[in-house]
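Student: So the protein sequences, as listed, match chains D and F.
Residue numbers for the first sequence follow full-length UniProt numbering, so the first one is 1 and each next one is one higher.
Residue numbers for the second sequence follow full-length UniProt numbering, so the first one is 1 and each next one is one higher.
Treat the hints with care, since some could be wrong.
Derived SDA-like pairs: lysine to any residue, alpha-carbon spacing no greater than 20 Å straight-line [what the hints assert, rightly or not]:
| hint | chain 1 | residue 1 | chain 2 | residue 2 |
| --- | --- | --- | --- | --- |
| 1 | F | Lys91 | D | Thr24 |
| 2 | D | Lys76 | F | Ala90 |
| 3 | D | Lys76 | F | Lys80 |
| 4 | D | Lys2 | F | Lys91 |
In short, the hints are calculated from the structure, not lab data.
Please read all numbers here as calculations on a predicted model, not as lab measurements.
2 protein chains.
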Amino acid sequence: MKTRRDVFQAIADPTRRAIIMLLTVGALTPNAIADHFNSSRQAVSKHLQILTECEIVNQEQQGREIHYHLNADKMKDIEKWLEQFKQLLAKRFEQLDTVLEQLKLNRP
Amino acid sequence: MKTRRDVFQAIADPTRRAIIMLLTVGALTPNAIADHFNSSRQAVSKHLQILTECEIVNQEQQGREIHYHLNADKMKDIEKWLEQFKQLLAKRFEQLDTVLEQLKLNRP
DNA sequence: AATTTGCGCAATCAAATAGTTGCGTTTAAA
DNA sequence: TTTAAACGCAACTATTTGATTGCGCAAATT
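With these hints in hand, go ahead and build the complete structure from the sequences.
Tutor: Shown next as structure tokens:
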């Protein structure tokens, strides 16, 4: 398995989903984030690293602290995919409609 | 990590996302699905197993063939989460708006 | 009846993940 | 200046994942 770094990978983990939610409110440091969970700082740090690689999060150094900002725009990738899916599904139902329509026409 | 079986896990893999897309058009057998990719039947079968456990897909036995149907409803779980996220984000901007509003009021 | 086809299942393997522990570095506080 | 806090990074472990191979069973085909 090649290491994938995309939004879908990012949100696959429940802790990361929680971190994303946390960061919607505002930028936080790894310690601040870890305080909200039962996770250790290092564990959070690893997730932040992945989220950074997925470009869902940016770092901002402030003195000895690093503030992690959410890049909410990246979440649109999920929306885009969902939209594609829904369009395909709609088309499928259109086809079904066509079939049903034809059945109606052929009725005696 | 306890094995999670949720929609987020299901869509984390690109092959599984492709399978989901394929199944929007209609139910297919593992072999039929495998024909659309460079994946082997067994590899596809494993993904189908996961998708089944995630309840994104249902099996329907027809003789010696098994047709895999998409349970499109399950995809709403993703939408729900995205919606939650967007609401949180909106609230954040509301707060920002309040702050900006106050800054304006304090202007000379 | 013999063969082929479609499939699940188990065993196996390499790579990735999630997590921990233990550094070292830089910045801030005493 | 010494000490403490906030990190990143590397090493290490257990667990999961994605994929392959080979087997066996049941349903079609011949």
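Student: Against this structure, judge whether each hint is valid.
Tutor: Quick rundown of the hints versus the structure:
1. Between Lys91 (chain F) and Thr24 (chain D) the alpha-carbon distance is near 9 Å, which keeps this suggested pair within the 20 Å criterion.
2. The hinted pair formed by Lys76 (chain D) and Ala90 (chain F) meets the criterion: a straight-line CA distance of about 15 Å does not exceed 20 Å.
3. The straight-line distance between the Cα atoms of Lys76 (chain D) and Lys80 (chain F) is roughly 14 Å, inside the 20 Å bound, and the hint therefore holds.
4. Note on Lys2 (chain D) and Lys91 (chain F): the hinted pairing is violated, with a Cα-Cα distance of about 37 Å set against a maximum of 20 Å.
This entry does not satisfy hint 4, going by the numbered hints stated previously; all others are met.
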